Amino acid sequence: MDSTKALLILLLFVATTSAVIACLAIYNRKRRQQTQPKVVDEKEPVAPPGQFIAAPEPQPAVLGDAEEEAQPSAIERPQLSGVGGTQPTALDEAELTRVQGAQPKEATCPTEQETQVAVPAGAQPTGKKPASPKKGSQKRQRREPIKRGGRPRESTEGLDKKTKPRRLKPEIVCWKRESQWVPAVEVPEELLEKCGLEVLQNGSPLKQDEELEKAFWCLEQVCGEVIVRWNEAEAVQEAKVGIDQEDYLLFKLSGKNLDQGRLVKSPSWGSYLVIAPDTWERDETLSGPAPVMPEQVSLAGFKAHFFELDKNGDQDIAFRTPNGESKVIKKKANRFELIGIRIDDVIDKIGPIFLEGHPRILDMNEKKWKGVKTIVVGEEGSGRKRWKISFTPDHNKNEQDFPSDFLEKKIGWYFVRFYDDKNNLIDSLDFRLITCLKEIKLPVLGIFPYRDGYKSVHVELIHAKDCIIKPENNKKNIQIEIKDDRTILTVPPDPDYDLSYWLVSLGNDNLQVKIGILVERIWWTLGEVNHVPSQWSDRLVVLSRDDFAATSNKALWLRLPRRRWIDKVLVGFERSKARPYNVRITENTIVVPLRDFVDSQEISNKVRDYFFKIWIERDNEFHEGIIAIIRSSKYLEYFKFGYGRKKTAIAKATIQNGSGTIKINGHDWRYYFRTAPPKARQFLEKLIEMKEVQEKLSKHEINIIVHGSHPTTMRQPKAVAHAIARALMNYDPCLAPLLRQAGFGGVKVKVSDRRISDESNRNSKSD
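Quick note, the working numbering runs 1466 ahead of the 1-based positions in the sequence shown.
What the hints contain is simulated information worked out from the structure, not anything from laboratory work.
It is possible that part of the hints are untrue.
[To be verified] Label-pair distances were calculated between CB atoms; the ranges are: (1) A2044 with S2000: 33 to 39 Å; (2) K1876 with N2054: 20 to 26 Å; (3) E1832 with E1947: 48 to 54 Å; (4) V1998 with A2044: 22 to 28 Å; (5) E1655 with T1751: 43 to 49 Å; (6) E1947 with R2061: 47 to 53 Å; (7) S2000 with P1937: 42 to 48 Å; (8) P1869 with K1936: 41 to 47 Å; (9) Q1726 with N1996: 21 to 27 Å; (10) S2042 with N1996: 29 to 35 Å; (11) N1939 with A1766: 37 to 43 Å; (12) I1948 with N2071: 54 to 60 Å.
[Stated by the list, open to error] Derived pair list, reagent style EDC-like, types lysine to aspartate or glutamate, alpha-carbon separation capped at 20 Å: (13) K1836 with D1860; (14) K2162 with E2151; (15) K2152 with D2198; (16) K1839 with E1865; (17) K1673 with E1700; (18) K1863 with E1905; (19) K2043 with E1994.
Because the structure is a prediction, the values reported are computed rather than measured.
Where a beta carbon is used, it is the ideal one built from N, C-alpha and C, also for glycine.
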């Protein structure tokens, strides 16, 4: 009985709830019917035969000055046709609102239904068919170039707050994420907060990239029209970006690491990235060898190819298609140039440095700025809200001065971009401005070192008193002397210090500009064909005739100061019989396999010494240098060798007539072991300071080659000490008991380890 009562109560509760819900539904439906907009006499207006009443058409965004002022929406100002061509008055609009029963709207994104407006019955018909709303039906103007990118740094105080900021034009960009290049649409940040924002390519929505920034939408194709669409002023607005090419994308790279770029129509000079089908192959006949191998792209079926174009070079961006056709992206002539007091340092990727004053812009075209409408100059680098300004060139002058706002700048890294009358990017230039820096004095060095190797080099940076120069990287052995109007850098004779980077700032300014200082010195060494050596020397390399055998893997390596430093190199014993070797524009090293000279007459003749030479062509002049020597069999009898070992470090010491110097891998032993542990240095000094050793060193010199481990450990210094002791024992056996009692000589080095040591770098000072 209790269960029956509970069931009845439950059924009653369900029935009551259903009735309440039904009543609420009926009530809400009647309420919505009462709040629907009503027309006069509760009837829809009827047009005379053959005539129609036109609803207002949503107006697309006009990308220009017209959007500076807030425009009334379609509901606020309905467009009435056929009434003398006039707009309704404020009274008419109030009456229209009252008659239609419109309710106040909240600040939400308008829908398409909300953009339709009923027309009162009193409106005169136009006799035309109603125009259906079409997105983008009116012709749009491109955004001004100055408004592309981040906001300016200046404060907005004092500006008219009622004036809307001009929106920017989206652009096609690319960036490298890990090992993959990603082409995308960059949407200006002013549009990111707009309602209904979407990006489409060929009608299909693109996916927003969430990993980098919210302002990027990844492309899905390399061609087609890109549309950025959003809701504003109760209408649909849109901006278009056209991709002219059908099968590839061409980007001009920028940034310190060349890891980002912007889409351009044609190349001029600099670094470029081409996203092309993976079936295309680089045409090395027209483009030269690739700087690096092609890399992956986020688009399936495409690869990223790299090109380096010189200002005055004859190379083009060219491919070979699968059917054998040549695809050449023509290079346009260099039209724009920055002139002034400038220097080109080793960091050519971010533009030249202008000193003492500001540069000027030169149009080398005889037609004087024809086709150039806008020039934009701004701060380069990563991040947003960087300073920028635009101006229109004076078409009566070939040279243009920068605006006065830029002339107030004293230091920084800047870009200059040139746009045509359609706001398409024509070209761009980068440069650095350091007005407090007056001059960089680098000594003029010979192509090759003197007989006793390179010396320390003094570099002077002349600048204003409030100019601050600091090293960017950890180059502890470069001595820095700071004076009022100059900074003097002393660069040691070490290939690791030929290139150094410095940060220049002005007073308390937070801006810092990076500069590179390069001491141009050539280094070489003996190594293996397929392994780039890590240690270099400026001393004569002693070669054996076995190094030139047909099965030898030995090679002489040349290290140039930088890429494209020389035009041509010849190697051999005589200029008339020298062999040419290719200089790759993307590398600063040259490998010369010694087996290439196995058939030379100098190899078979063991009676005399022969010099191994190189001839370098630079600036249309040939320079001769001696980098190695093949000793006669008679001369080798005067050498005494010694081997030493400490765990993984193996050293070979050679004693010959000389002035008492001790060289390790071409360097003075004190300099080479400058970072060694104190105990290791003391162990080596104990040997050298022995009275008996000092007597031998007064008339001889010792050249040591050591490899394995590192100079900063205990191993190399001890291996060197044992090698010197062994060489002295071979030179004078009477020294053996004394040296062994002092703890020198170590264990006997195995024959296999001696062979490894002999195959390492062997440097020796010539007589």
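A quick look at each hint next to the structure:
Restraint check, A2044 to S2000: a C-beta distance of roughly 28 Å breaks the suggested window 33 to 39 Å. The hinted range of 20 to 26 Å is not satisfied by K1876 and N2054, whose Cβ atoms lie roughly 34 Å apart. Under the hint 48 to 54 Å, the C-beta atoms of E1832 and E1947, about 50 Å apart, fit the expected range. Here the CB-CB span from V1998 to A2044 is close to 23 Å, well matched to the stated 22 to 28 Å.
Between E1655 and T1751 the CB atoms are about 45 Å apart, so this pair conforms to the stated range of 43 to 49 Å. For E1947 paired with R2061, a C-beta distance near 49 Å keeps the hint of 47 to 53 Å intact. Here the CB-CB span from S2000 to P1937 is close to 23 Å, at odds with the stated 42 to 48 Å. Remark: the range hint 41 to 47 Å for P1869 to K1936 is contradicted by a beta-carbon distance near 31 Å.
Range check, Q1726 to N1996: about 34 Å between beta-carbon atoms, so the 21 to 27 Å window is missed. At about 30 Å, the CB distance of S2042 to N1996 agrees with the hint of 29 to 35 Å. Checking the proposed 37 to 43 Å range against N1939 and A1766 shows it holds: the Cβ atoms sit about 40 Å from each other. The beta-carbon spacing between I1948 and N2071, approximately 57 Å, falls within the hinted interval of 54 to 60 Å.
A C-alpha spacing of about 10 Å is found between K1836 and D1860, which places the hinted pair at or below 20 Å, so the restraint holds. Taken as a hint, the K2162 and E2151 pair is honoured in the structure, with Cα atoms around 15 Å apart against an allowance of 20 Å. Note on K2152 and D2198: the hinted pairing holds, with a Cα-Cα distance of about 19 Å set against a maximum of 20 Å. For the hint linking K1839 to E1865, the alpha-carbon distance of about 15 Å falls within 20 Å, and the restraint holds.
Our distance criterion of 20 Å between C-alpha atoms is broken by K1673 and E1700, whose separation comes to about 25 Å. A hinted pair counts as satisfied when its Cα atoms are at most 20 Å apart, and K1863 with E1905 does not qualify at roughly 30 Å. For the proposed pair K2043 and E1994, the alpha carbon gap of about 24 Å is over 20 Å, so the pair is violated.
The structure fails hints 1, 2, 7, 8, 9, 17, 18, 19 (numbered hints given earlier, in ascending order).
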